[in-house]
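These protein sequence lines are chains A and B, in that order. In terms of this note's numbering, the first sequence is residues 1 to 404. In terms of this note's numbering, the second sequence is residues 1 to 404.
All clues stand as given, with none of them false.
Because identical chains cannot be distinguished in the list, a pair is counted as satisfied if it fits within a single copy or across any two copies.
Derived BS3-like pairs (lysine-lysine); straight-line CA-CA distance at most 30 Å:
1. K44 / K6
2. K120 / K145
3. K15 / K51
4. K12 / K51
5. K23 / K13
6. K398 / K15
7. K401 / K23
8. K181 / K231
9. K120 / K147
10. K398 / K25
11. K175 / K383
12. K13 / K25
13. K120 / K148
14. K179 / K295
15. K44 / K15
Keep in mind the hints are simulated off the structure, nothing from the lab.
Protein chains: 2
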Amino acid sequence: MDYKQKSLDLHKKLKGKIYIPSKEKITPENLSLVYTPGVAEPCKLIAENAKDSYQYTARGNMVGVISDGSAVLGLGNIGALAAMPVMEGKCVLFKEFAGVDAFPICLNTQNVDELINIIKNLEPTFGALNLEDISAPRCFEIEQKLKKVMDISVFHDDQHGTAVVVLAGLINALKLTKKSKENIKVVISGSGAAGTAITNFLLAYGVDNIIICDRDGILEKNSNQYNIFKKDLADKTNKNNEGGSLADAFIGADVFIGVSVADIVTREMIERMNDNPIIFALANPNPEILPDEAKKAGAKIISTGRSDFPNQINNVLAFPGILRGALAVRATDITENMKIAASIAIATLIPEEELSEDNFIPRAYNLEIGPIVAASVAEAAIKDSVARVSKTRDEVIKETKSLL
Amino acid sequence: MDYKQKSLDLHKKLKGKIYIPSKEKITPENLSLVYTPGVAEPCKLIAENAKDSYQYTARGNMVGVISDGSAVLGLGNIGALAAMPVMEGKCVLFKEFAGVDAFPICLNTQNVDELINIIKNLEPTFGALNLEDISAPRCFEIEQKLKKVMDISVFHDDQHGTAVVVLAGLINALKLTKKSKENIKVVISGSGAAGTAITNFLLAYGVDNIIICDRDGILEKNSNQYNIFKKDLADKTNKNNEGGSLADAFIGADVFIGVSVADIVTREMIERMNDNPIIFALANPNPEILPDEAKKAGAKIISTGRSDFPNQINNVLAFPGILRGALAVRATDITENMKIAASIAIATLIPEEELSEDNFIPRAYNLEIGPIVAASVAEAAIKDSVARVSKTRDEVIKETKSLL
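One chain only, chain A, in its complex shape (with noise of 0.2 Å):
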């Protein structure tokens, strides 16, 4: 039986991924206790101070998984409804690699405006958000605009997760061709959500020499075609003011990265490559090139976003360990050295004398990543200032630990 039905033979048996019981077994003498008249206690505790709301609910370890449906995985904009096997899928994997509780929240609107405030609304019930497969350029402002007015974390993963993962991998691929941030050429296809980010994360990690390229070729600057948020991708990148396409930008560089559509690259744009080529052909199912094609033109270093090949860009390495180290310290944001120490926790989990082309980023499933992410994660969150409570590296990952 092939995977396609193996996957709905299971989500029919299970009816829903996820299901919500009581941490106590409700019985005649705590139903009092639990419900009215007990429960009025914890109420007023919280109505005169609002933190003691991380003492008394489920608030402090609870993510909610927010989508409107309108880029679901591949599948485009299928709407509210039929994202939610995605976003069932998303809570289990918090629950699972990080001990996180997490709830999927469909939304049945694509109005930008509504969105945010009925996402910024529900801040009572959550200790962070995760925002998933909402289309760009949506999601820069939806995302932008909660960061602003909300007290939590606000995380899109399809940007933040998958350019952690990238830059996890980014490191320990500079490493294995000994190549260093400052001096590389790095090659973007994608200007949507992920490329975006992977941009702008790369830049903030000290990659000064991107190109990005999107279906009508490389982002010129000073070009008036653009939507505000690919006019701010093009004046960050391109230092050296360069034109064409695709296949000029490959000339000289060290890196590609691709989060665009299959098939697009050739044998001979990695010939164009530095050496020691480094091809991250992330297009899901069909990558970018083949990596068994990209080995033949001289490709050193391949990563794809597929579980049958070495080497896979998968978000899950980060997102669980991300979002349950902010609600360790009940950051107040997720900044850009958050994210970086998350890449790099990632990247050191292969320790340097195991590193090799065919073994550069972690297997999804290892169920040791979350909590050290997590630790480092919140060891950043402290260090700029977004942490509300302070815990070590051992505390967070024991308390992580405890909670799988």
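Here the structure of chain A is known, so what remains is to put chain B in place on it, guided by the hints.
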């Protein structure tokens, strides 16, 4: 240790009364079925056919417990954050008494239009909604508008849960006193959410002589002092155009139902009632008159809202089974007949030969009740043509028990 401290200790120990596990343990093998790429398959089917959401997601057994924190227990407007312990408690009761997965959502706005807009856009996430602790008269407009625009059941428990259990108690009280619904005079003290709902519900059940009192005395027809909701109540009740105070209303009454404030009923008032007075003094925590006092004044049948007296009116007898019944047949609405069916189911849980003044309302902690109420509600939904699937009583009972 008193129950208040016990409740705080329990809440602090649990840090939230609910959690959200995965139904299926994640393994390296099923990761690609639960999440990408396999998860795309149920998404595609739901996008083609909306009702497949009930096959492939948790929605079919998922209730949203939604509050704005504007009227929490007897605490008043303590806000969304402080309302969460109550909402979590409600979710626990849904699970324990009827196997329903319920998630608490506390919304950080008390603007009626905003609340309506937010809640209606949550529709893809839930199979039914339980509104909770929203102040009157705002709750009437919110519930009525949501019922109109939403395709799933919407139930405001503070109104209808209370009304359903009051009617269950009244059905048995009338049996014990050999009175009939057509020939009784009922005095209701309180015109808020509960008083309004009880009035409308008793009218729907066939009680036609109802007098409502608020703090200014009897609600009179043709007064222009009232908001539209109170005016509607006055128009529908007081068929003999009585006037005066609460004490005046007691003259010749058979039933008193208090959903107001402590200690406003005296022995003298009860002595003005017809033979075998029925007293439901439901103000919490202190009733309109204490049971001992009422008994001394000749009350035959006495109920309160408190668990330390017999015959407690407790919503937990109603809401888990009602919503579970609605979910079982994917009801698009909660009709008067569905609620009446719930009242009759609760009343008849006590066999006639066991009915007595000390035992005419079932005890709140009883795991038999949810499935039976669910079956009766589902049956009524099918009769009223608001069910989208058909199931027998036995199927609903069996399905509900399997979820407990």
